[in-house]
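Protein chains: 2
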Amino acid sequence: MSALPPGSTIGILGGGQLGRMLANAAAELGLDVAIYTPEQDSPASRVAAHTIVGDYRDQAKLTAFAKRVDVVTSEFENVPAETAAALIAAGVRVAPNPQALAVAQDRLEEKTFFNANGIATAPFAEVNSQADLEAALGKIGAPAILKTRRMGYDGQGQARIMSAAGAAGAFDRIGARPAILEGFCKFEREVSIIGARGASAATAFYDICENEHAGGILSRTKLPAAVSAVTADEAQRAAFLIMEQLDYVGVLTIEFFVMANGALIANEMAPRVHNSGHWTIEGAATSQFEQHIRAIAGWPLGATAQLAEVEMINLIGADVEHWRTYALDEDAHLHLYGKRDIRPGRKMGHVTRLRR
Amino acid sequence: MSALPPGSTIGILGGGQLGRMLANAAAELGLDVAIYTPEQDSPASRVAAHTIVGDYRDQAKLTAFAKRVDVVTSEFENVPAETAAALIAAGVRVAPNPQALAVAQDRLEEKTFFNANGIATAPFAEVNSQADLEAALGKIGAPAILKTRRMGYDGQGQARIMSAAGAAGAFDRIGARPAILEGFCKFEREVSIIGARGASAATAFYDICENEHAGGILSRTKLPAAVSAVTADEAQRAAFLIMEQLDYVGVLTIEFFVMANGALIANEMAPRVHNSGHWTIEGAATSQFEQHIRAIAGWPLGATAQLAEVEMINLIGADVEHWRTYALDEDAHLHLYGKRDIRPGRKMGHVTRLRR
Chain A
2 MSALPPGSTI GILGGGQLGR MLANAAAELG LDVAIYTPEQ DSPASRVAAH
52 TIVGDYRDQA KLTAFAKRVD VVTSEFENVP AETAAALIAA GVRVAPNPQA
102 LAVAQDRLEE KTFFNANGIA TAPFAEVNSQ ADLEAALGKI GAPAILKTRR
152 MGYDGQGQAR IMSAAGAAGA FDRIGARPAI LEGFCKFERE VSIIGARGAS
202 AATAFYDICE NEHAGGILSR TKLPAAVSAV TADEAQRAAF LIMEQLDYVG
252 VLTIEFFVMA NGALIANEMA PRVHNSGHWT IEGAATSQFE QHIRAIAGWP
302 LGATAQLAEV EMINLIGADV EHWRTYALDE DAHLHLYGKR DIRPGRKMGH
352 VTRLRR
Chain B
2 MSALPPGSTI GILGGGQLGR MLANAAAELG LDVAIYTPEQ DSPASRVAAH
52 TIVGDYRDQA KLTAFAKRVD VVTSEFENVP AETAAALIAA GVRVAPNPQA
102 LAVAQDRLEE KTFFNANGIA TAPFAEVNSQ ADLEAALGKI GAPAILKTRR
152 MGYDGQGQAR IMSAAGAAGA FDRIGARPAI LEGFCKFERE VSIIGARGAS
202 AATAFYDICE NEHAGGILSR TKLPAAVSAV TADEAQRAAF LIMEQLDYVG
252 VLTIEFFVMA NGALIANEMA PRVHNSGHWT IEGAATSQFE QHIRAIAGWP
302 LGATAQLAEV EMINLIGADV EHWRTYALDE DAHLHLYGKR DIRPGRKMGH
352 VTRLRR
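Those sequence lines, one after another, are chains A and B. So the numbering used here is basically just the index in the first sequence, starting at one, shifted up by 1. So the numbering used here is basically just the index in the second sequence, starting at one, shifted up by 1.
Heads up, the list lumps identical chains together, so a pair's fine if it works in one copy or across two of them.
Straight line, CA to CA, 25 Å or less: simulated DMTMM-like cross-link-like pairs of lysine to aspartate or glutamate:
#: 1; residue 1: Lys68; residue 2: Asp342
#: 2; residue 1: Lys62; residue 2: Asp42
#: 3; residue 1: Lys68; residue 2: Asp42
#: 4; residue 1: Lys187; residue 2: Asp107
#: 5; residue 1: Lys340; residue 2: Asp71
#: 6; residue 1: Lys340; residue 2: Glu322
#: 7; residue 1: Lys223; residue 2: Glu283
#: 8; residue 1: Lys340; residue 2: Asp330
#: 9; residue 1: Lys223; residue 2: Asp320
Worth flagging that the hints you see were computed from the coordinates, not collected in a lab.
Between the sequences and the hints, there should be enough to build the whole structure, so can you do that?
Here it is, written out as structure tokens:
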């Protein structure tokens with residue numbers, strides 16, 4: 002495909018902070034942005050040229066959206082299959098493609114796909130009932146973690162099962178929905194790899210980053226990650242494989258657990274820009290947001306060189322009330338997402354620090 | 002004043018690329034933006050939450066704009082005095098203040114103000130008629146340059162007078178408007194200093210930059226500038242003085258000529274972010290756009306450290322047709338302004354290169 006020229010319009014599904022930062026990056030490249038979101042007054046819509054407020058299953062609105070944009074991407078993986086289908090039927094390109102979205106939005110498919118590509122995961126089993134759960138526990142053993150296959154994020158829809166006895170009622174506790182039981186990994190650290198693949202199949206990778214979570218939510222990312230070059234290469238190779246297999250276009254993130262021996266266990270993938278890549282705004286030659294826009298617009302990928310040691314911390318919920326402190330800190334790059342209400346667990350902003 | 006909290010709205014007069022980059026910077030700080038511009042579909046309005054399209058003398062629309070914003074700033078100095086007055090009458094703060102705008106929009110007042118603060122300028126004289134012009138030429142000598150006092154930018158409204166004979170008809174050629182005759186400076190180079198002053202009177206300065214013009218339009222900025230530390234300090238001192246005298250809040254730019262002996266001759270000031278400061282987006286710890294937003298929002302100023310040697314080139318008119326070449330250049334940070342039509346002399350974008 003030929004590159005979308007300046008003045009083209011990027012369509013983004015979702016109105017949150019990722020859409021907002023994608024929109025900012027698109028604007029710097031002379032591209033317009035249209036947001037599609039069910040949310041009124043969304044963070045992304047406030048920095049975009051156009052917004053359609055609609056349900057992700059509203060065919061008429063999706064068709065209108067498709068007509069006004071030159072490509073559609075998404076800030077979240079849980080795009081209903083019919084949404085992508087409606088957009089494609091209306092004649093617009095969707096990047097990354099629906100297959101990538103489908104794999105990433107179902108934990109069972111995702112892990113099966115990882116294994117099929119030689120990428121190790123924790124042991125897992127499909128669970129569609131309490132009986133399934135007990136059988137799976139017998140196979141995998143406790144402790145283990147029961148997760149809904151779909152729509153889980155930031156620790157939602159999960160139940161830890163510490164012993165066989167603790168399984169009682171667990172399937173109901175996660176809503177009696179199709180689920181997956183995953184064995185516990187005694188990992189040393191968590192890392193993620195962020196790669197990009199362009200329309201011409203060129204790929205580029207950011208340096209692997211190390212992540213800390215609190216309460217199931219990313220709290221801190223730092224680079225360099227305390228992993229060997231072999232482990233870093235292995236992560237990059239996995240991302241490359243996944244992107245090739247999916248004929249992927251855009252930025253893709255894979256989160257891994259790192260075991261004591263340096264082995265990687267893939268946890269999940271995100272077919273999009275990712276919280277653990279926010280450091281790239283100041284810390285890399287090209288931000289993940291610009292990189293994603295370049296990829297889906299058919300532009301050449303940008304340079305991914307890391308410019309400094311870097312730390313990114315999330316401002317979760319009431320953390321954001323300390324914005325004055327961060328604004329005063331000359332070493333802190335403060336990013337706030339324009340969310341009207343502070344709620345526990347809500348990502349309100351982030352702070353990046355570089356050690357040059 | 003207390004700092005405007007996230008969620009506040011920054012009002013910007015003007016819908017061009019400076020407004021667009023200010024809006025992007027405001028969004029990163031969690032602030033909303035409202036644009037006031039006479040232009041439909043302006044570059045800035047496409048990245049802002051709100052836009053009012055109206056004439057700068059439309060009192061009703063200005064009042065409506067004032068009601069929806071928490072502070073008003075401008076991307077250009079030629080804001081009519083009655084515009085600022087109407088906004089202030091409607092109860093909103095205007096930063097920088099109308100006095101600073103008034104000084105900067107009149108070449109005669111500006112140069113008089115420079116001299117009154119001990120800042121050297123080229124010799125100049127007021128010209129309100131052809132007879133004034135001839136008298137001024139007798140005093141200043143040729144070559145000299147006749148400029149309208151108001152509304153000139155990028156070389157517009159100017160006539161070079163190379164000899165006494167060349168003065169014939171010159172006053173009519175610039176539109177027979179109130180003007181100023183300026184003596185020619187045989188300068189070695191052009192530089193600019195960009196400073197900022199916060200609401201608490203704190204100041205911060207970027208490193209002095211060296212500028213090249215072509216056809217009266219900035220074509221290239223580079224750092225470090227080839228000037229001595231003494232000259233750089235002198236420029237900073239001048240900017241400090243001007244900001245203090247005007248009780249200035251925001252980013253201010255002063256352009257100077259540098260003479261062979263290192264002396265500075267002030268050319269003009271811009272009470273705003275400036276083309277010669279675009280390098281700060283990638284090349285400084287805080288961009289001039291974020292700095293201006295911080296200042297007018299009553300936030301602490303950000304760090305101004307220069308991060309690398311840097312070169313910024315403007316994409317003027319058809320230059321922008323080479324966007325694919327710049328997109329391919331891994332060392333180039335490409336910025337495009339979202340202007341629909343390419344016209345000769347029109348600033349369409351810029352490219353920044355860092356040598357780390």
